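Q: Here is what each chain is made of, one letter per residue.
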Amino acid sequence: MSEHSLAHHDEHHVDMDVVDVFGFWIYILTDLILFASLFAGFAVLHGNTFGGPSIKQITSLPYVLVETLFLLASSVTYGFAMLASYGGKKNQVGAWLIITFFLGLSFVAMEINEFVHLVMEGHSWQVSGTLTSFFALVGTHGLHVSFGLLWMIVMIVQVFKFGLKKEVTRRLTYLGLFWHFLDIVWIFVFTIVYLMGAV
Amino acid sequence: MSQQYDAATKYGTGRKSVKSYMWGLGLSLLFTGLAFAVTMHSIFTNTAAIYISLAVLAFSQFVAQVVCFLRMNATPEGRWNLFPFLFTIIVAAVLIGGSIWIMVNLNYNMM
Numbered sequence: 001m002s003e004h005s006l007a008h009h010d011e012h013h014v015d016m017d018v019v020d021v022f023g024f025w026i027y028i029l030t031d032l033i034l035f036a037s038l039f040a041g042f043a044v045l046h047g048n049t050f051g052g053p054s055i056k057q058i059t060s061l062p063y064v065l066v067e068t069l070f071l072l073a074s075s076v077t078y079g080f081a082m083l084a085s086y087g088g089k090k091n092q093v094g095a096w097l098i099i100t101f102f103l104g105l106s107f108v109a110m111e112i113n114e115f116v117h118l119v120m121e122g123h124s125w126q127v128s129g130t131l132t133s134f135f136a137l138v139g140t141h142g143l144h145v146s147f148g149l150l151w152m153i154v155m156i157v158q159v160f161k162f163g164l165k166k167e168v169t170r171r172l173t174y175l176g177l178f179w180h181f182l183d184i185v186w187i188f189v190f191t192i193v194y195l196m197g198a199v
Numbered sequence: 001m002s003q004q005y006d007a008a009t010k011y012g013t014g015r016k017s018v019k020s021y022m023w024g025l026g027l028s029l030l031f032t033g034l035a036f037a038v039t040m041h042s043i044f045t046n047t048a049a050i051y052i053s054l055a056v057l058a059f060s061q062f063v064a065q066v067v068c069f070l071r072m073n074a075t076p077e078g079r080w081n082l083f084p085f086l087f088t089i090i091v092a093a094v095l096i097g098g099s100i101w102i103m104v105n106l107n108y109n110m111m
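Chains F and S, in that order, give the protein sequences. Just so you know, we're using this note's numbering here: the first sequence kicks off at 1 and counts up by one. Just so you know, we're using this note's numbering here: the second sequence kicks off at 1 and counts up by one.
Hint data in this document are derived by calculation from the structure and do not stem from the laboratory. Predicted model, so just to flag it, every value in this text is computed and none were measured. Virtual Cβ for every residue (Gly too), placed ideally from N, Cα, C. Hints are supplied without guarantee of correctness; some may be wrong.
Claimed, not checked - Which chain F residues stay away from chain S? Per the calculated CB distances, all over 10 Å, these:
| hint | residue |
| --- | --- |
| 1 | F102 |
| 2 | L103 |
| 3 | M120 |
| 4 | S124 |
To be verified - Pair ranges (Cβ atoms, derived):
| hint | chain 1 | residue 1 | chain 2 | residue 2 | range |
| --- | --- | --- | --- | --- | --- |
| 5 | S | P76 | F | G23 | 43 to 51 Å |
| 6 | S | S17 | F | G47 | 38 to 46 Å |
| 7 | S | M111 | F | S54 | 19 to 27 Å |
| 8 | S | T47 | F | D20 | 41 to 49 Å |
| 9 | S | I43 | F | N91 | 44 to 52 Å |
| 10 | F | M16 | S | M110 | 51 to 59 Å |
Input sequences plus hints: build the corresponding full structure.
A: Below is the structure:
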């Protein structure tokens, strides 16, 4: 990417990889703007309960803490998958990815359970501005994690089928950026939506 | 050096290590635990103090994860990732800060 690295890698396709990963990073940053917009919406609307419940009345902090720990753990286990890929240990990479998948799945399952309960109790997104912005923000994050899980299934299959070829390692790097990014966004979701909502 | 090792170091995201992940995990657990404790056990009686400590804890955890998990760094290669990232944070700050500013003003004037 810099002149320094170009001097070291004269093969064209190798440098294209670096550019591709940089391009994916730019995508992540545009996604950050999407979340910033949703956070702005939540910041503006979070108090407009319109006679409905406030965030504090419908959320449970211990429940959110468990969700948070699942996602944090999955971020770390994904890192272990990346570390194993540097060593070329295919089965280890696959095993860590499967563990990451189930940790991520637990997170999504807990969130879906929370949403279903809220809607069943009559606290759907149609009730008030508060709930609209709540479902939009938390739901968009959950949707991202869900797509990350689909992607992870694809990568698990690729790792076992193709081994740790250069293309597969590059794709693992993309998913790693995406996965860590989602955990970072979640820091702000649990702090701003759940914790500050419960103050 | 193996090809995998090369690929790992080249992307400008910094080399990941068990140590960096353990640091990231430890710090994240600490900041998350403190944030929930501050809210659930009403350590502070002052509401402003709770908000400020939550903001500080979230920002600390954000930095910890960006450095330890994403391996953001200021090396010549890492800067390619770092500067667009900082720019995006400025855009996000303008977006969120500006929205709140305008809407609070509107609210005030519509009273």
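Q: All hints are to be evaluated individually against the structure, with a verdict given for each.
A: Do the hints match the structure? See the list:
1. F102: 18 Å, holds
2. L103: The claim holds: L103/F sits with its nearest Cβ about 13 Å from chain S, beyond 10 Å.
3. M120: 26 Å, holds
4. S124: It holds; S124/F is separated from chain S by about 24 Å at its closest Cβ, greater than 10 Å.
5. P76/S to G23/F: 43 to 51 Å: 19 Å, violated
6. S17/S to G47/F: 38 to 46 Å: For G47/F against S17/S, whose Cβ atoms are near 44 Å apart, the range 38 to 46 Å holds.
7. M111/S to S54/F: 19 to 27 Å: 21 Å, holds
8. T47/S to D20/F: 41 to 49 Å: Cβ of T47/S to Cβ of D20/F: about 47 Å, so the range 41 to 49 Å holds.
9. I43/S to N91/F: 44 to 52 Å: Distance hint for I43/S, N91/F holds at roughly 46 Å.
10. M16/F to M110/S: 51 to 59 Å: 54 Å, holds
Hint 5 from the list above is the single one not met by this structure.
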